[in-house]
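K.L.:
If you read the sequences in order, they're chains A and B.
Following the working numbering, the numbering of the first sequence begins with -13 at its first residue and continues without gaps.
Following the working numbering, the numbering of the second sequence begins with 1168 at its first residue and continues without gaps.
Derived from the structure by calculation, the hints contain no laboratory data.
Remember, it's a predicted structure, so these values are computed and weren't measured experimentally.
Where hints are given, some of them may not hold.
[To be verified] With a straight-line cut-off of 20 Å between C-alpha atoms, the simulated DMTMM-like cross-links for lysine to aspartate or glutamate are: (1) B:K1277 / A:D248; (2) A:K146 / B:E1272; (3) B:K1276 / B:E1310; (4) A:K145 / A:E375; (5) B:K1319 / A:D122.
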Amino acid sequence: MERKVCIIAGGMSRWGAREGSQRDFFQEAAKACYEDIPGLNPKDIDGLLVASAMTERTSYQTHLAPLVAENVGVQPKNLCARVELLCGSGSSAIILAFAMIKAGQADVVMVVGGEKLNTPQKWETFYSQLASVDHDWDGPQGIGLPPPAFAMMAKLHMKKYGTRKEHLAAVTVKNRRNASRNPKAQFQTPVSLQEALEGRMVVPPLTLYDCCPITDGAAAVILAGKEIAKDLTDKPLVYIRGTAQASLSNMSANIPNLTTWDSLRIAAKQAYGKAGIGPQDVDVAMTHDCFTISEIIEMEDLGFCEKGEGGRFVFEGQNDLGGQVPTNTDGGLLGCGHPFGGTGIRQGLEVMKQLRGDAVQQVPDASIGLTHNLSGLIAAHTLVVYGKEAA
Amino acid sequence: MSNPGISILEGKYMVTMDQYPQQSKEFTQVHQFYENLQEGRLTTTRCRDCGMEPFPPRILCPNCHQSNLEWVDWPTTGTVVEFTEEAMGIPLGFGEPPLIHALVELPGKKTLFTRIVNCREGELACGDQLKLAVFAVDPVPQEIGREVVQIKRVCYAFEPVR
Chain A
-13 MERKVCIIAG GMSRWGAREG SQRDFFQEAA KACYEDIPGL NPKDIDGLLV ASAMTERTSY
47 QTHLAPLVAE NVGVQPKNLC ARVELLCGSG SSAIILAFAM IKAGQADVVM VVGGEKLNTP
107 QKWETFYSQL ASVDHDWDGP QGIGLPPPAF AMMAKLHMKK YGTRKEHLAA VTVKNRRNAS
167 RNPKAQFQTP VSLQEALEGR MVVPPLTLYD CCPITDGAAA VILAGKEIAK DLTDKPLVYI
227 RGTAQASLSN MSANIPNLTT WDSLRIAAKQ AYGKAGIGPQ DVDVAMTHDC FTISEIIEME
287 DLGFCEKGEG GRFVFEGQND LGGQVPTNTD GGLLGCGHPF GGTGIRQGLE VMKQLRGDAV
347 QQVPDASIGL THNLSGLIAA HTLVVYGKEA A
Chain B
1168 MSNPGISILE GKYMVTMDQY PQQSKEFTQV HQFYENLQEG RLTTTRCRDC GMEPFPPRIL
1228 CPNCHQSNLE WVDWPTTGTV VEFTEEAMGI PLGFGEPPLI HALVELPGKK TLFTRIVNCR
1288 EGELACGDQL KLAVFAVDPV PQEIGREVVQ IKRVCYAFEP VR
């Protein structure tokens, strides 16, 4: 029989340009996660999925999951593997843990993800990103780091829909303010609209404030079947209602439209369908704000506003606290930072808190939450819909 | 750039940190692309069965999933749809800022997201004509039998038509 699956605990390390190694951050995240669920003996965790994209590149380490199991003190007997989908690695691992529990192949699965992205010399950190796109065809063109691609999307969106620099800046102002209330976030200080508008130019029209930073850190969550979950925690249960993952094209020449993300629209339709909801039912969302323009396009293609209205939607506060769909209430990527494998797990952690009712910036009566990641240029989109009730 | 403090890497080639693809027949079955590129031709594979012309070239047609492919020439001039000039965070090996990127529409084919070379900052405008620019990049020292042979390599970008 298929089981209902709950997310029952979570925690994260401090994120930022951190002192320490990849394995240090996994241990810090695990500790924070264990502290969130005193009723669980970590030795009873029977599955472990580790999300990390750059472990081979920046830590020269493959076969990561057994190493992490040893370091965080778990002894998986049903599942022990690493999951990689660059910026979507963490959410991918959550989806797979969900499926394994639902199918009865594991009972209590820890999903931990993170990165040590900073290297002793900065050039190597940037250079490593050439591995993140189609190495043979996009890498040699210098678009290994995504900013030029998102700069192009911003320019096209501005031209086509009248999106303005102020609209981009409004995303940063909101997410940096939210991050300033999250003690684990990379950035602890808010920025004003004026500061965001006058930031140092990286690649026009994107300034430093339009781009998420390079981040070290990790996050962890625990998933379990409903019946086991009830025994392990007294906190309100949060269910995974539906998931989806779509990919249409990877190399830049094969992306037909840079301002409407077709694979996101497909993933959203699938996830909403499985969760039995529509975009109007989402009370709180963690979307992939790797760049300010990303959050704007996501508001449109997730169906929270009309196509082309994303800039105005965020500028009017419609995705801020008190608005139609509060987004990135913990600071998002722009505020928390973005250790690739950790991000989807951080998002799941924040949505779990929002639906349990113990978030720092609580959305009143939130009952449906959503997480979204994009990965690659905009090749793949990963969605998870959570609810206070099972689907 | 050398790697100060790591003597084992000094001056040594490392394929795991090479920004350019392997181009010899031992390491890619689309080596013809690079051989054509050395002659100034931009080519890809066309499916003889369904007519699809994917880019980059393949050994399997992504449409009809057959392998009956032939090489075809694509235009080597195109038009700037949009561009941006990257000022910060440019990966090592791409020269001094700015690194200029453009969406280049190849008539009747695809729009490529390419690097623009031989172009001054502020020079490019939407609608400009660009042409293919082929340049040599670091050769690969490859073991062939007991010999280490320098494998010649090239890369492409686009440049303004003046």
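K.L.:
Now, for every hint given, state plainly whether the structure supports it.
P.N.:
Here is how each hint holds up against the structure:
no., hint, result
1, B:K1277 / A:D248, "holds (18 Å)"
2, A:K146 / B:E1272, "holds (18 Å)"
3, B:K1276 / B:E1310, "violated (38 Å)"
4, A:K145 / A:E375, "violated (42 Å)"
5, B:K1319 / A:D122, "holds (16 Å)"
Hint violations for this structure: numbers 3, 4, all remaining hints satisfied.
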